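**Student:** The whole structure should be built from the sequences, with the hints applied where relevant.
What follows is the residue order along each chain.
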Amino acid sequence: MTKHTIPSHFDDAKQAYEASKLGVWLFLVTEILLFGGLFVIYIMNRGLYPEMFHEASLHLNKVMGAMNTVVLICSSFTMAMAVSRAKHNDSQRALKLLLITFICGLIFMTIKYMEYSHKIHEGLLPGIHFSFDEISHPKAPLFFSLYFMMTGLHGLHVLVGMGLIFWVMVRTRRGDFDESYHTPVEMTGIYWHLVDLIWIYLFPLLYLIG
Amino acid sequence: MNHEKTYLAVVVSLLILTVITVTTSYFNFGIFNIVVAMAIASIKASLVCLYFMHLKYDNKFNQVVFISAFIFLAIFIGLTGADVFLR
Chain L
5 MTKHTIPSHF DDAKQAYEAS KLGVWLFLVT EILLFGGLFV IYIMNRGLYP
55 EMFHEASLHL NKVMGAMNTV VLICSSFTMA MAVSRAKHND SQRALKLLLI
105 TFICGLIFMT IKYMEYSHKI HEGLLPGIHF SFDEISHPKA PLFFSLYFMM
155 TGLHGLHVLV GMGLIFWVMV RTRRGDFDES YHTPVEMTGI YWHLVDLIWI
205 YLFPLLYLIG
Chain C
85 MNHEKTYLAV VVSLLILTVI TVTTSYFNFG IFNIVVAMAI ASIKASLVCL
135 YFMHLKYDNK FNQVVFISAF IFLAIFIGLT GADVFLR
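Protein chains in written order, with the numbering used here: chain L, 5 to 214; chain C, 85 to 171.
Quick caveat, the hints were computed from the structure, so don't treat them as lab data.
Incorrect hints may have been included.
The list that follows gives simulated cross-link-like pairs (lysine-lysine, DSSO-like), each with its CA atoms no further than 30 Å apart [as the list claims (entries may be wrong)]:
#1 100/L - 18/L
#2 144/C - 18/L
#3 123/L - 143/L
#4 7/L - 25/L
#5 66/L - 116/L
#6 143/L - 116/L
#7 89/C - 140/C
#8 140/C - 91/L
#9 66/L - 143/L
#10 25/L - 89/C
#11 7/L - 100/L
#12 89/C - 144/C
#13 91/L - 144/C
#14 116/L - 100/L
#15 91/L - 7/L
#16 18/L - 89/C
#17 144/C - 25/L
#18 100/L - 89/C
#19 7/L - 18/L
#20 140/C - 100/L
#21 100/L - 25/L
#22 66/L - 123/L
#23 25/L - 140/C
#24 91/L - 25/L
#25 18/L - 91/L
#26 18/L - 140/C
#27 91/L - 89/C
Just so it is clear, the structure is predicted and the values come from calculations on it, not from any experiment.
**Tutor:** Take a look at the structure:
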């Protein structure tokens, strides 16, 4: 058990905790604006070519998208529970819940991989790589540029989140966290929920417009 | 323990809303499809923010910081949209 020491530039543990949390919220603001740029491109092009978005979206797999939504929502729940357990000195159960969250991330990426390989196989690709005959609209490659860019950036965030969860698991196992100090678990949790939050919008916007 | 019961209620609500949004996507309400889908997504997002991310119990300053992101996003969408669609 390594006891956490409060950095000397803070008055007390509460101030250190509040400063960390404010930092994470500010980071999440930049994340929303990062994804926001892609959402803006999406909205403008959907406004310009609504029938193309409708047609192209039919070639996404709704079932796989819905499965991934359920997986992410469940993982958000287990993450919130893990934070709560860590706060209540219950490292053992926190560790189990973190592991389930990590596995959910793994399932999400596996389903994503299956979707991507199917799209690549069919030639439903961005820009000049598009080689699918059943969609006649000349702007259709644009939809798949957005699809790969938005889900790709989101997938990258899932991978980063899994890395953070792994790190928090190692530290939980080592006994670093208790009721007085559990900042990394909580901050990883907030980040993981943002990843879920973005998917909540990506899912209907990409998969459910057909 | 009290919080954990809330989490359970939230996750059940999120799953029910997911079922509703997938079901409604099979019906054609014209322009209302996107309105319904975005309304449900926003309810889900609010539940995640308020309860999973503890924003409801967080201090005011963090709430303002996070909400400011959406104000900037609205400006971003609004001004770009005005340029693309109203010119």
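**Student:** Please list, smallest to largest, the hint numbers that this structure does not respect.
**Tutor:** none
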